[in-house]
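Here is how the chains run, residue by residue.
Protein chains: 2
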Amino acid sequence: MSRDFTWSPSQKKAARAAFDLAVARELKAIRQHAETMLKDNKEDRVIWKLEEYLYEKRREIDQKYDYRYSVLMLVFPRLVHEGWLALDELDGIGEEKTEVFRKLLDLNRK
Amino acid sequence: MSRDFTWSPSQKKAARAAFDLAVARELKAIRQHAETMLKDNKEDRVIWKLEEYLYEKRREIDQKYDYRYSVLMLVFPRLVHEGWLALDELDGIGEEKTEVFRKLLDLNRK
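Residue numbers (the working numbering), protein chains in the order written: chain A, 12 to 121; chain B, 12 to 121.
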């Protein structure tokens, strides 16, 4: 992973689109979880559980979604591993990169 | 307000009941506000506004609801002023105390 990858303009554009797609999906999932927490719990103190949940998610999202090209090669495989992106949604960023992801994800599965 | 008030067992019981009633009302209002925020905003980023709102409310509630008898004489008038308690819901804590609240609240209105 210490190898440097180059990013052409079109690859950068594809990377940005995939990144934004993953954020959007994750925000939607967090929102749905928040709505379910409120819906399923009649006890008003649930708001403190919700506060804790959102606080942790905000920290997690802030930390995870780091768009520097130097770390993107670690961000994307994580997003695929967690299910926020499919590997083929990263096709546009270059085969030499997705090939690395594929190998990393295979290792993770073993 | 530097005057010391005494709290009989029945007055303590009434104080606790009023205090708990105010907390319960405020938690319910916070919950309803949270539900409305989610309902009225289709943008998923609303979860971060919700997180901020709940974080501030938790801090406010933690700070406001202080059940030490030494500060209760300041807590109750605030709760009445903010509408979480009616003055007559504090009848059980002793007339000498509610009389002080009445004067304080009158001053606040002027």
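It is possible that part of the hints are untrue.
A pair counts as met if it fits within one copy or between any two copies, since identical chains are not told apart.
Result set (EDC-like, lysine to aspartate or glutamate): computed pairs, CA atoms no more than 16 Å apart in a straight line [as the list claims (entries may be wrong)]: (1) K23 <-> E106; (2) K60 <-> E46; (3) K23 <-> E54; (4) K23 <-> D73; (5) K24 <-> D102; (6) K53 <-> D102; (7) K60 <-> D117; (8) K53 <-> E37.
Since the hints were made in silico from the structure, they are not lab data.
Homomeric proximity label, K23 with E106: Cα distance no greater than 16 Å: Result: close within a single copy only, 13 Å intra versus 72 Å inter.
Next on the checklist: If the cut is 16 Å between Cα atoms, do K60 and D117 qualify within a copy, between copies, both or neither?
Outcome noted: Neither. Shortest intra-copy (36 Å) and inter-copy (38 Å) distances fail the 16 Å Cα cut-off.
- How do K60 and E46 come out at 16 Å by Cα distance, when the copy is not named: within, between, both, or neither? Classified as both: same-chain Cα gap 12 Å, cross-chain 14 Å, threshold 16 Å.
Query raised in the report: Should K23 paired with D73 be assigned to within, between, both, or neither, using CA atoms and 16 Å as the limit?
Result: This pair counts as neither: shortest intra-copy Cα distance 21 Å, inter-copy 46 Å.
Quiz item: Is the C-alpha distance from K53 to E37 at most 16 Å within one copy, between copies, in both cases, or in neither?
Solution: between (26 Å within a copy, 15 Å between copies)
- Message: With identical chains, the pair K53 and D102 could be close in the same copy or across copies; at 16 Å between alpha carbons, which is it: within, between, both, or neither?
- Response: neither (45 Å within a copy, 30 Å between copies)
task = First find the shortest C-alpha distance between K24 and D102 inside one copy, then the shortest across copies, and answer within, between, both or neither for a cut-off of 16 Å.
result = within (12 Å within a copy, 68 Å between copies)
Worksheet entry | Status of E54 relative to K23 across identical chains (alpha carbons, at most 16 Å) | So K23 and E54 fail the 16 Å test inside a copy (47 Å) and across (26 Å) alike.
This entry does not satisfy hints 3, 4, 6 and 7, going by the numbered hints stated previously.
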